[in-house]
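Mind assembling these two chains? They're in different frames, but the hints should get you there.
Listed in order, the protein sequences are those of chains A and B. The first sequence maps to residues 916 to 1359 in this note's numbering. The second sequence maps to residues 4 to 290 in this note's numbering.
The set of hints was computed from the structure by calculation and includes no laboratory data. Do not rely on the hints blindly, as some may be mistaken.
[Claimed, not checked] Which residues of chain B face chain A? A few of them, derived with a C-beta cut under 8 Å, are:
#1 S113
#2 F116
#3 S121
#4 N124
#5 A126
#6 R130
#7 I131
#8 L135
#9 T137
#10 S143
[What the hints assert, rightly or not] Below, simulated DSS-like cross-link-like pairs (lysine-lysine); rule was C-alpha separation at most 27 Å, straight line:
#11 K219/B x K965/A
#12 K230/B x K176/B
#13 K213/B x K996/A
We put the beta carbon where it would ideally sit given N, CA and C, even for glycine.
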Amino acid sequence: MLKTFPIGGVHPPENKLTADIPIEYLPVPDKVIIPVSQHIGSPANPVVAKGDTVKAGQIIAAGKGFVSANIHSSVSGKVSKIDLAADSSGYRQTAVFIDVEGDDWIDTIDRSNDLVRDIKLSPEEIVKRCFESGIVGLGGATFPSHVKLTVPSGKKCDVLIINGVECEPYLTSDHRLMLERGEQILVGVTILMKALKVEKAMVGIENNKPGAIANMTRLSASFKGITVHPLKVKYPQGAEKQLVKALMHREVPSGRLPIDVGAVVHNVGTAYAVYEAVQKNKPLFERVVTVTGKSLTKPGNYMVRTGTPLIKLIEAAGGIPGNTGKIINGGPMMGKAVSNTDVPVVKGMSGVILVPLEESVREKIKPCIRCAKCVSACPLNLEPYLLMALSERSLFERAEIERITDCMECGSCSFICPAGRPLLDYIRLGKSNVIKMARQRNLK
Amino acid sequence: MSSTVLITILSLSLLAFMSAVILYFVAQKFKVYEDPRIDEVQAVLPAANCGACGFAGCRNMAEALVRADSFDGLNCPVGGAPVMAEAARILGKVALVVDPTVAVLKCNGSPEFSPRTSAYNGASDCRIANSLYTGETDCSYGCLGNGDCERSCAFDALHMDMATGLPVISDEKCVSCGACVKACPRNLIELRKKAKKDRKIYVACSNCDKGGPARKACKVACIACGKCQKACAFNAITIENNLAYIDAVKCTFCRKCAGECPTNAIIELNFPPKKPKVEAEAEAANG
Chain A
916 MLKTFPIGGV
926 HPPENKLTAD
936 IPIEYLPVPD
946 KVIIPVSQHI
956 GSPANPVVAK
966 GDTVKAGQII
976 AAGKGFVSAN
986 IHSSVSGKVS
996 KIDLAADSSG
1006 YRQTAVFIDV
1016 EGDDWIDTID
1026 RSNDLVRDIK
1036 LSPEEIVKRC
1046 FESGIVGLGG
1056 ATFPSHVKLT
1066 VPSGKKCDVL
1076 IINGVECEPY
1086 LTSDHRLMLE
1096 RGEQILVGVT
1106 ILMKALKVEK
1116 AMVGIENNKP
1126 GAIANMTRLS
1136 ASFKGITVHP
1146 LKVKYPQGAE
1156 KQLVKALMHR
1166 EVPSGRLPID
1176 VGAVVHNVGT
1186 AYAVYEAVQK
1196 NKPLFERVVT
1206 VTGKSLTKPG
1216 NYMVRTGTPL
1226 IKLIEAAGGI
1236 PGNTGKIING
1246 GPMMGKAVSN
1256 TDVPVVKGMS
1266 GVILVPLEES
1276 VREKIKPCIR
1286 CAKCVSACPL
1296 NLEPYLLMAL
1306 SERSLFERAE
1316 IERITDCMEC
1326 GSCSFICPAG
1336 RPLLDYIRLG
1346 KSNVIKMARQ
1356 RNLK
Chain B
4 MSSTVLITIL
14 SLSLLAFMSA
24 VILYFVAQKF
34 KVYEDPRIDE
44 VQAVLPAANC
54 GACGFAGCRN
64 MAEALVRADS
74 FDGLNCPVGG
84 APVMAEAARI
94 LGKVALVVDP
104 TVAVLKCNGS
114 PEFSPRTSAY
124 NGASDCRIAN
134 SLYTGETDCS
144 YGCLGNGDCE
154 RSCAFDALHM
164 DMATGLPVIS
174 DEKCVSCGAC
184 VKACPRNLIE
194 LRKKAKKDRK
204 IYVACSNCDK
214 GGPARKACKV
224 ACIACGKCQK
234 ACAFNAITIE
244 NNLAYIDAVK
254 CTFCRKCAGE
264 CPTNAIIELN
274 FPPKKPKVEA
284 EAEAANG
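With the rest of the complex left out, here is chain B (with noise of 0.2 Å):
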């Protein structure tokens, strides 16, 4: 009885440590060198594997920084300036400094403006919608308000508004990871450099019809009349397609043009409000 248990626990040792030492030699023969610091800047990264970098997720993102001489091209848009700035401390290299945007929508076709002409009883799904007609309104370039957008986002930034059937974005928790610009089939959002205080000054019209047709499907859309180019003193604006469109790089944020569009194309946010002509000429003559 006690030699069976004897052979029994002798065999078995015997047995694992003859497996330990293949195990030992055959890891040694097969082993993968991992960079140490992929681990270190996975951990600094946000870990949402948005994909807005460009990469499958944050794993993919790190073993590009790690591997890459610079970081041109190389950016998280979550995380932003700090945690560049963190990566580039633990590989050595230097972080490029790279405008934050936010997502903006350029359609402001609600009920109230863009009125409703048919209805839509398909799928509650953009994309369907856009392939199979124009949608409720008369603009064929406008918000189908679906939500697919509001699908996408995985930051919670994004909600449909019931009242005008459009999405409205927080600025506060967009991180412009762009996954709502991919999920619009009719690309009506566009990332927009920050500018301080969340200020914001954009052509909210996609409509490349002709001023006929645009304003007869919707008041407040872009008629390419061109007004706002010509009150534009840096060049921001540009109109192409029967569409004006506002650079946000060279846009100086004056508000001359939002004034002159004689359709409130043009949407200012987040300014504080205007004071009156004569306050404001003493204001600059004061200095």
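Same shape as in the complex, but just chain A (with noise of 0.2 Å):
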């Protein structure tokens, strides 16, 4: 019997297009466009002007505050402008644009390929070299690693929890690198046990991806305290609570933190940057992204420089297909929707997906019949009908006490229901307005 979470998911059709397809590495386009802010918290301040020549790896904007990530050049190049540019969203935000000129890199980095085993420096040097090195989660959530990694006094981490299990359908890019990155990833989940203090890592792969359990559990034999647990496939299992609940049998409480139960969720792909970035010293501008969809002619998993035009990406992977209605920034359960296609890839973009016309179209709304589908689906023991209905009336003060703040958007509500009722952006909307509402109170 494979572990699982008990409370809640969904099955969505997996549709792993490019499971079998290796990491390829685009070609360095001739502009990029680097946000300021591509992580969670203060965006980072800008320290290149306009017509200074940069080298990949060169730091452009330093992190403001302790819940920030610096920010690196991706490319070698002159800085054409600093101005606004619009995100996926379409909202303008603070870039630097770069014309790039050749493939030049920092000298510190080791662009050699050797794998590189001994850990050199101590627990607080990983954690400073984590912030150094912009590392955010790449799973998805862009949270600044070094803030997770900087256990807070009181508390204590028992172990480390690995997440492989890449539960949203369409992606594989976590997939490819457990399949083709293994020992790196591996040296990765090393370093963070020794910054975290801990002897034991769990890594959780979910049971559809037999090549990268193999792959994993047979190199982490040569390393000393890391498993690897296959894991029976449930959307959503790559969320931490749900992680943390299938490999360690423990809860995370509403509104706390894994840390508080005495575990840390890391992603592969964190795992992976974090080797580079300690062994290498080679800072995150470069990520693994899953262009992916029904009609591409080319899909596929490609190294991307962060700032390279979402374009760029899809004409790589064979140009947009006629029939595409919708084209998915990450995946098709949490991802959203963008709106320009010369929008940058961010580190937070773990795939794209190009939707068919018909697949694309909302159901018509139907009314609620109070069938409670969407209460067995939530993995977080929430009433999303009820949340949807006191959101839509703006019943904040209601909704908060029926714990709003603990949902964690991944959509399997909207998933299920047979009603086609917009439940998650309704709660969404009242999740905001909620954080906002408790925000203003604590400054009362």
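So this is what it looks like as structure tokens:
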């Protein structure tokens, strides 16, 4: 009997079309747009000016405060301007525009492919390096990793959990990394274990990736303290709290973090980035992005520099098919449609899905008959139909009592609803209002 | 038999009398004095309970009016001057003169001017659309067209126009309660001072982007060129955040600014048609 989390969850069609396609390096584009805010927390401060020459890996925006991350140039060339640029939502935010010239990397980066296993840095130095290298959670939430590696005083971490679940349909970037860069990931895990001062790490991988499970199990034999655990396929197993529950049988209480039950969760992509930052001195400026879609001619997994315009990536995968109705940034469950293909690839972009028109139009909204399928599907024990009704009527105080802020926006409720109701849309609205309300209350 | 009936009647009557006496004393003891003028004032108020005055309903407003030393800061925009004058008469106070206002939409981004670059397929709610993305046009400040304002209007004064995708405000029905102002997540609706004959002149744009991107997103966007500001002889126009604003109090409705605007972002409404220049000058000379 394979492990999984006990409450809720859904089984969307997997559609992992690109699982067998090796990671391919996307050519460096001729222009990049690098937003200064690619993470949760305060935006970074640009430290370059118009006309400056930069090299790949050079810091171009410095993180402001503790919950923030540095931003590095992904290419070499000249800063053409620092201006507002539309992000994937279409809203404009500060970005650094660079015209590419050649492909020079800063000298400190070790560009060889040799595996470095010896960890020379002390735990404090590792955390510092993660901050300096702009490492953020690459599973999609882009939470700055050095914050997670700093265990608050009075709390103790005893297990590091590595998230190789990739429960979102279509996406295969983590899957390919585990197949092709398994050793590097495991060294990264060892580094994270050292930083957190734990002896034990558990890698959770869903059972629909037998190749990755076999590869990681084989490789982990030579790493002390790391075990690989196959998990039963169920969405949203890649969510922190669900993964902690599935692997450790510990429940993270409402409003708390995994660290409160002695666990820290990092994604395999993050572990790989940590390996590169610590052993190769390479800041985070490229990542694997799955470009996929049923009518795409050349779907694949691409190693892309941040700041590359999305359209370049789609062109590499064969261009936008004629019947495309929607282009989604992220997975089909949690991702958001982009309004413009000139937007740059950012650290948190794990996939791009080109959805055919017939699949992209939402169902007609029908009345709720209180069938409670959403209640059964919710992995956090919430009542989505109620939260939607409360948000629709702006009854945010009541929504707060109903624990709307626990919602992690996995979308299981909207997926399962037979009446096609936009449950998550309204819950998200209510959640942001409740958070705003709570913040104002705290100010008083 | 007859004695049973008699005893029943007597005992019940006694019980009723005793209860009445107790209730009388209890009522005296716990009597709450309520100013009778509150009821009088409430009867004068429009009973719309719209919350435009800032109170939860007309009863609260009536209580506040009775309690207040002066009417400073208290106004019922729905009833307007006649209602406030009547309330002042009842309470023996002086009603302050508050200029009546009316809602105007500071966006003119119909598909004709502002091309649609994407299609929104989510929940029909402006608040949700606003939190997700810029909307169907490239303008991140313009009207989203999902009708939150229409749903908020309790006076049937605001309706979505299917052709333009923008709300249309009826000057006759609008009581300037401000519900739509609060409902709009992009703050596109402003309550402006009413002028005679419902004349209006205002900048129908809220785009704070620089001229280039603003113009690209919408043909009738304010590009903050400053021409209107120069043309205005009364200092009524200010430009802030790449956006011009006409102060409705300082404005004399001379309409010079509207003629200068290169993008037609300034809207003039309910004015008589402009006379040809020669005729107008002749008329001025004749006095």
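Hints and how they fare:
For the restraint placing S113/B at the interface with chain A, the shortest Cβ-Cβ distance is roughly 19 Å, beyond the 8 Å limit, so the hint is violated. Violation of the interface hint for F116/B is found here, the shortest Cβ-Cβ separation to chain A being roughly 18 Å, above the 8 Å cut-off. The interface hint given for S121/B is met, as the beta carbon of that residue sits about 5 Å from the closest beta carbon of chain A, less than 8 Å. For the restraint placing N124/B at the interface with chain A, the shortest Cβ-Cβ distance is roughly 5 Å, inside the 8 Å limit, so the hint holds.
The closest approach between the C-beta of A126/B and any C-beta of chain A is roughly 4 Å, which is under the 8 Å cut-off, so the hint is satisfied. Against a cut-off of 8 Å between C-beta atoms, the interface hint on R130/B holds, since the closest Cβ of chain A lies about 5 Å away. Given hint, I131/B at the interface with chain A, holds; its Cβ is 5 Å from that chain's nearest Cβ, closer than 8 Å. At a threshold of 8 Å, the smallest CB-CB gap from L135/B to chain A is about 7 Å, leaving the interface hint in force.
Interface hint at T137/B: satisfied, since its Cβ lies 3 Å from the closest Cβ of chain A, which is below the 8 Å cut-off. A distance limit of 8 Å between C-beta atoms decides the matter here; for S143/B the minimum to chain A is near 5 Å, and the interface restraint holds. Of the supplied pair hints, the one linking K219/B and K965/A holds, its CA atoms being roughly 24 Å apart against a limit of 27 Å. At most 27 Å may separate the alpha-carbon atoms for a hinted pair to count; K230/B and K176/B exceed this at roughly 34 Å.
Our distance criterion of 27 Å between C-alpha atoms is met by K213/B and K996/A, whose separation comes to about 15 Å.
Hints 1, 2, 12, counting from the list given before, are not met by this structure.
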